[in-house]
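Student: The chain contents come next:
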Amino acid sequence: MDGLKQRIEKAVHCQPQTTVTILSSLLAVEDELGYIPREAVEEVAAFNRATINDVWAVVSFYPNFRTVPPCEHKVEICWGPSCHLVGAMPVVAAVLEAAGLEDEGDTPDGRLTVRYNTCLGACALAPVMSVDHQLVGRVTPQKGSALVSEVLESQEERAE
Amino acid sequence: MAASFWEIRDQAAERWQDLAAGETPWIRVGTALCGQAAGAEQVADVIQQELEKQGLKARVSRVGCLGLCFAEPMVDVLLPGRARVVYGNVGLDQVPELVASHIGRGQPVAEMVVGCLGDEIGDDLPDLQQHPMKVREQRIALRNAGHIDPLDIYQYIARGGYEALNRALTEMTPAEALEEVNTSGLRGRGGAAFPAGTKWRFLAGSNAPDKYILCNCEEGDPGAFNDKGILESDPGTVVEGIILAGYATGANHGYIFIRHGHDGPIDRARAAVAQAYELGLLGEDILGTDFTFDLEVALTGDSYVSGEETALMEAIEGSRAMPRYRPPFPAQVGVFGKPTNINNVKTMAYVPEIIARGGEWYAGIGHEQSTGTAILCLSGTLNYTGMVELPMGINLTEVLQDVAGGVPGGKQLSFIQTGGPLGGVLSAAATDLVLDFDIFRAAGAILGSGGIIAADEDTCVVDLTRVLIAFCQYESCGKCFPCRMGMSHMLEVLERICRLEGTPDDLALMRNIGENMQAGSLCGHGQLGFNPVASALRYFPEQFEAHIVDKRCPTGRCQVPHFSPRLSRR
Ligand SMILES: Cc1cc2nc3c(=O)[nH]c(=O)nc-3n(C[C@H](O)[C@H](O)[C@H](O)COP(=O)(O)O)c2cc1C
Ligand code: SF4
Ligand code: FES
Ligand code: FES
Chain A
41 MDGLKQRIEK
51 AVHCQPQTTV
61 TILSSLLAVE
71 DELGYIPREA
81 VEEVAAFNRA
91 TINDVWAVVS
101 FYPNFRTVPP
111 CEHKVEICWG
121 PSCHLVGAMP
131 VVAAVLEAAG
141 LEDEGDTPDG
151 RLTVRYNTCL
161 GACALAPVMS
171 VDHQLVGRVT
181 PQKGSALVSE
191 VLESQEERAE
Chain B
20 MAASFWEIRD
30 QAAERWQDLA
40 AGETPWIRVG
50 TALCGQAAGA
60 EQVADVIQQE
70 LEKQGLKARV
80 SRVGCLGLCF
90 AEPMVDVLLP
100 GRARVVYGNV
110 GLDQVPELVA
120 SHIGRGQPVA
130 EMVVGCLGDE
140 IGDDLPDLQQ
150 HPMKVREQRI
160 ALRNAGHIDP
170 LDIYQYIARG
180 GYEALNRALT
190 EMTPAEALEE
200 VNTSGLRGRG
210 GAAFPAGTKW
220 RFLAGSNAPD
230 KYILCNCEEG
240 DPGAFNDKGI
250 LESDPGTVVE
260 GIILAGYATG
270 ANHGYIFIRH
280 GHDGPIDRAR
290 AAVAQAYELG
300 LLGEDILGTD
310 FTFDLEVALT
320 GDSYVSGEET
330 ALMEAIEGSR
340 AMPRYRPPFP
350 AQVGVFGKPT
360 NINNVKTMAY
370 VPEIIARGGE
380 WYAGIGHEQS
390 TGTAILCLSG
400 TLNYTGMVEL
410 PMGINLTEVL
420 QDVAGGVPGG
430 KQLSFIQTGG
440 PLGGVLSAAA
450 TDLVLDFDIF
460 RAAGAILGSG
470 GIIAADEDTC
480 VVDLTRVLIA
490 FCQYESCGKC
500 FPCRMGMSHM
510 LEVLERICRL
520 EGTPDDLALM
530 RNIGENMQAG
540 SLCGHGQLGF
550 NPVASALRYF
560 PEQFEAHIVD
570 KRCPTGRCQV
580 PHFSPRLSRR
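In the order they appear, the protein sequences are chains A and B.
Here the first sequence is numbered in the numbering used here, starting from 41 and rising by one per residue.
Here the second sequence is numbered in the numbering used here, starting from 20 and rising by one per residue.
Hints were generated in silico from the structure; no laboratory data involved.
Warning: the hint list may mix true and false statements.
Selected chain A positions facing chain B (in silico; Cβ < 10 Å) [as the list claims (entries may be wrong)]:
no.	residue
1	PRO56
2	GLN57
3	THR59
4	GLU70
5	ASN88
6	ALA90
7	PRO103
8	CYS118
9	LEU125
10	SER170
11	ARG178
Pair by pair, the computed Cβ-Cβ distance ranges are [stated by the list, open to error]:
no.	chain 1	residue 1	chain 2	residue 2	range
12	B	ARG376	A	THR180	44 to 52 Å
13	B	GLY356	A	ASN104	22 to 30 Å
14	B	ASP29	A	GLY127	47 to 55 Å
Being a predicted model, the structure only gives us computed values, none of them experimental.
All C-beta atoms in this analysis are idealised placements derived from N, C-alpha and C, irrespective of residue type, glycine included.
Okay, chain A solo, but in the shape it has when bound (with noise of 0.2 Å):
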């Protein structure tokens, strides 16, 4: 695999559209790595004739941007109001004792990743969560669980 800095340069310079961005500069190493290093900001900054503190400025603005690596998986639950209604906070609370977490974050070993969602889209079939970008509709406390569960054993079996 490339090293840090030339992926990191290669999703910068290589974007596809015409409107570059710091923004679009952002999120294209964001989709590279999952997070945005400082020697991120560095290049986005000179890339995009900007300062640094420009390039922070947008990269603190928008919360889907992390700035350390991120964890193996990723699960997000949505608590917009459609969901709310039908139940998620009780999948809030199964996800998270899965997970072992008190609230949304990662948890220490860096396994996992659980982060609230304001609505993913699939409203029609509330509650919803997702496990690494795939949708799971009509999820229940129990669905929820088992969910983490299996992600995180996926990865053990990989380990070994």
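Go by the hints and put chain B with the ligands onto chain A.
Tutor: Below, chain B with the ligands alone, put in the same frame as chain A:
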């Protein structure tokens, strides 16, 4: 020299004929967001595997949203010369039998059928058009949704796509095209219901050399998925609508603006744009005329306020999505400092049909000043959840009881929430009104983008109001004080009320905060942010009283330990 429109059209018709009336069965699987959430991608894969395993031949396409999202995964099968059979709730384990029976032996599996489409429907299977969710529908913007492969521009063209553009470019002046939209009475579907023709005139009136058309698919409203649904199901009608808007207003650049991470709408919009370029429907000298229009997909990060028109321009320029002061208005100084017009996805999606059939035709549908249709997203405690397109003027109670099939489990409807988090709630008793922007507004709700979330008797309106304000607090961009602090303060008060620790003064306190937000906020987020609370107080004063004075939550919801994501933006 690019092919003429009619040459392209003939090719498209040939391809469609081959698909829809050829020798090979055609299987369509709904893979819009709801389909995905129900596992439709896996169903499509397994169908493919089963066909191979059983040595059967069929084409498999991934299509968009037919509207009956509650029945996802949906699979529909078209055998040559037969009616199209639509299956619902297809489980992975049912696929082998479905394939063997329907494709192999020509025998539909009756128990799984939701309904049939087409002229050759026998007596043994139900007609899908008679389904409660379908029977009152009039599909204009959604005319192709669920029928075509959104990644294939020829399918859009075969069903009449780009005919309006061809007609406008060759037979109409820009002013005539604009006049059709004006006559149609089309109003914006992004929230404020502003007349599209009027807004287009502002832009047409500027003779600056560079002008922009923006199409807003930020769609951060929880409970709304119709913008994403349209882009996923039929991106062609949106792209064509944008090009027509460019022609009518003399603009030559456009952006479709989508939130990063929604890969379905993003990929399908990008494909529709790329294919339109290939066929000479975008770019220089479109269809051999001297009209030039360039269109691009631009992405934003997670930020609800980036859907606000001026914040959206900041995001396209690559900055923090914080609204700008107005004036100058976008039609004077918009994105990159150039005159700009911005419309919602649904607004744009209507335009090709308006040009094709005429503004008078569109104006003849609907109710008074709300012409055309409403594209509703039905979610919450309803039997039939999904996306429907109904003529304006239908009674909302009928929508809830008939179209959506009422509340499951024999429960009573308590209230509905419409128009996104900045909209309002309506008590069940107040739903005896017709779909109409102005009537909704008078009732304290917003029809807006068309999200309708239903809540049954087991839910607590105070609790839901808390969730809505939690959303508004989380999403405040922070540029102005009344909104940033007001939302946090209001959320604190609502949390205290939900913990049954509220005091009688809290209601006046919330009104005070709300008035200040309304008066002192820069954008609609702060200005409208009190709506959910105001409407809940208007229809359910006794519920607040029960929490504050009697110290009890009538439905018990607030005794369940709950959390409010108390997140600042970082
Ligand atoms: C906080 C806020 C968020 C908004 N979000 C959206 C959105 O997601 N999609 C949208 O079309 N309009 C949104 N709007 C409305 C837009 O500012 C704008 O009015 C609309 O896109 C214009 O399109 P229309 O005239 O076709 O309705 C939002 C407004 C505010 C104040
Ligand atoms: S009203 Fe709220 S969202 Fe709008 S600009 Fe002010 S702080 Fe930002
Ligand atoms: S509100 Fe949960 S998916 Fe939309
Ligand atoms: S998403 Fe499939 S019918 Fe709506």
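Student: None of the hints should be skipped; say for each whether it holds.
Tutor: Hints and how they fare:
1. PRO56: Holds: closest Cβ of chain B sits about 9 Å from PRO56 (chain A), inside 10 Å.
2. GLN57: With a closest approach of 6 Å, the GLN57 (chain A) hint holds.
3. THR59: The hint holds - THR59 (chain A) has a Cβ within 10 Å of chain B, the shortest such distance being about 6 Å.
4. GLU70: Given a least distance of 8 Å, the restraint on GLU70 (chain A) holds.
5. ASN88: Holds - the Cβ of ASN88 (chain A) comes within 10 Å of chain B, reaching about 7 Å at its closest.
6. ALA90: Given a least distance of 9 Å, the restraint on ALA90 (chain A) holds.
7. PRO103: This interface hint holds because 5 Å falls under the 10 Å limit.
8. CYS118: With a minimum Cβ separation of about 8 Å from chain B (threshold 10 Å), the hint on CYS118 (chain A) holds.
9. LEU125: holds (5 Å)
10. SER170: Since chain B brings a Cβ to about 8 Å from SER170 (chain A), closer than 10 Å, the hint holds.
11. ARG178: holds (8 Å)
12. B:ARG376 / A:THR180: 44 to 52 Å: holds (46 Å)
13. B:GLY356 / A:ASN104: 22 to 30 Å: holds (27 Å)
14. B:ASP29 / A:GLY127: 47 to 55 Å: Holds - the Cβ-Cβ distance for ASP29 (chain B) and GLY127 (chain A), about 53 Å, lies within 47 to 55 Å.
Hint check: no violations occur; every hint is consistent with the structure.
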